[in-house]
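When we follow my numbering, the leftmost residue of the first sequence carries the number 3, and every step to the right adds one.
It is possible that some hints are incorrect.
Said to hold, decoys possible - Using 35 Å as the maximum straight-line C-alpha spacing, the simulated DSBU-like pairs for lysine-lysine come out as follows:
id, residue 1, residue 2
1, K41, K52
2, K120, K154
3, K255, K269
4, K255, K154
5, K153, K234
6, K154, K234
7, K103, K151
Because the hints were derived from the structure by calculation, they are not lab data.
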Amino acid sequence: MPELPEVETTLRGVAPYLLGRRIVDVDVRERRLRWPVPKEIDALVGVTVKGASRRAKYLLFDVGRGTVILHLGMSGSLRVSDPDVEWRKHDQLGLRIDSGKELRFHDPRRFGCVLFCKGDPAKHKLIRDLGPEPFAEEFDANYLSAQAKGKKVAIKQLVMNSHVVVGVGNIYACEALFMAGIHPSRAAGRIGRVRLARLVAAIKEVLGQSIEQGGTTLRDFLREDGEPGYFKQSLRVYDREGEPCRECGATVKRIVQTGRSTFYCPKCQR
DNA sequence: AAAACTACCTGAGTGC
DNA sequence: TGCACTCAGGTAGTTT
């Protein structure tokens with residue numbers, strides 16, 4: 003479910019409840035996430051949360067002695083609730099905060115993870131080889147053309163590769179390619195620099211717009227307060243197979259690329 | 001080196 | 001109602 007805007011929305015939602023607060027209890031009800039939840043998580047009782055940030059789709063909570071690394075996977079979400087609220091099915095763990103609130107990690111498919119990193123999280127195995135953030139200045143037309151040069155891989159796969167740029171998942175890859183007028187199957191190395199510049203701008207724009215609207219609720223994404231995101235109504239091609247293109251009226255097509263659905267307008271995207 | 005494929009899971013929806 | 005099947009927003013790790 004969650005792509006970068008949903009992760010950013012989650013971060014902004016939970017940070018105020020955590021920053022400067024002490025964890026007073028930890029309740030791990032299911033250790034079998036993507037990787038087993040380590041014992042250091044149980045040992046967080048008594049620590050103070052000093053920072054909350056995001057790198058790619060990883061949420062990072064600085065607790066002084068180390069960093070909690072949390073990924074929502076395909077179906078994860080965080081919710082701030084009152085401790086007496088009944089645990090839902092697939093609520094995998096909860097952190098009681100000294101404010102009286104409880105942060106719960108909910109993840110039906112268990113593709114998410116909750117890990118602990120002792121040293122600099124930037125050096126962590128899951129994080130150290132990631133590409134630039136999409137909003138970083140270094141992610142520009144020069145950079146993307148250098149990455150695309152000589153590559154035969156489809157442009158959609160290139161921008162979804164986290165070693166190239168982070169945070170562009172299936173929905174926003176489709177949307178950005180539509181905005182840039184680029185066919186998702188086009189070989190990355192055969193796209194001119196002007197069009198790549200347009201794609202870079204589109205990625206920044208679509209992610210920014212979605213964050214402003216609280217992310218995209220497609221099927222089940224809910225924010226930390228249980229509210230949906232409102233970007234779905236702004237989707238131009240994603241999940242719109244058979245419907246008319248909002249620009250030209252042509253029928254939106256769906257194809258499958260490396261096992262994932264791609265939606266595009268055959269007239270607007272070449 | 002690059003590209004393709006596998007694996008990890010549950011739940012919703014569809015067609016019979 | 002029930003069963004079989006497909007599909008879903010991610011990504012590390014393995015194979016080709």
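Going through the hints against the structure:
1. K41 x K52: holds (20 Å)
2. K120 x K154: Cα-Cα ~39 Å, so violated.
3. K255 x K269: Roughly 10 Å between the alpha carbons, so the hint for K255 and K269 holds.
4. K255 x K154: At roughly 22 Å apart (the allowed maximum being 35 Å), K154 and K255 satisfy the hint.
5. K153 x K234: Answer holds: K153 to K234 is near 32 Å, not above 35 Å.
6. K154 x K234: With a Cα-Cα distance of about 32 Å, the restraint between K154 and K234 holds, given a limit of 35 Å.
7. K103 x K151: Status violated; Cα separation ~50 Å.
Hint check: violations occur at hints 2, 7; the rest are consistent with the structure.
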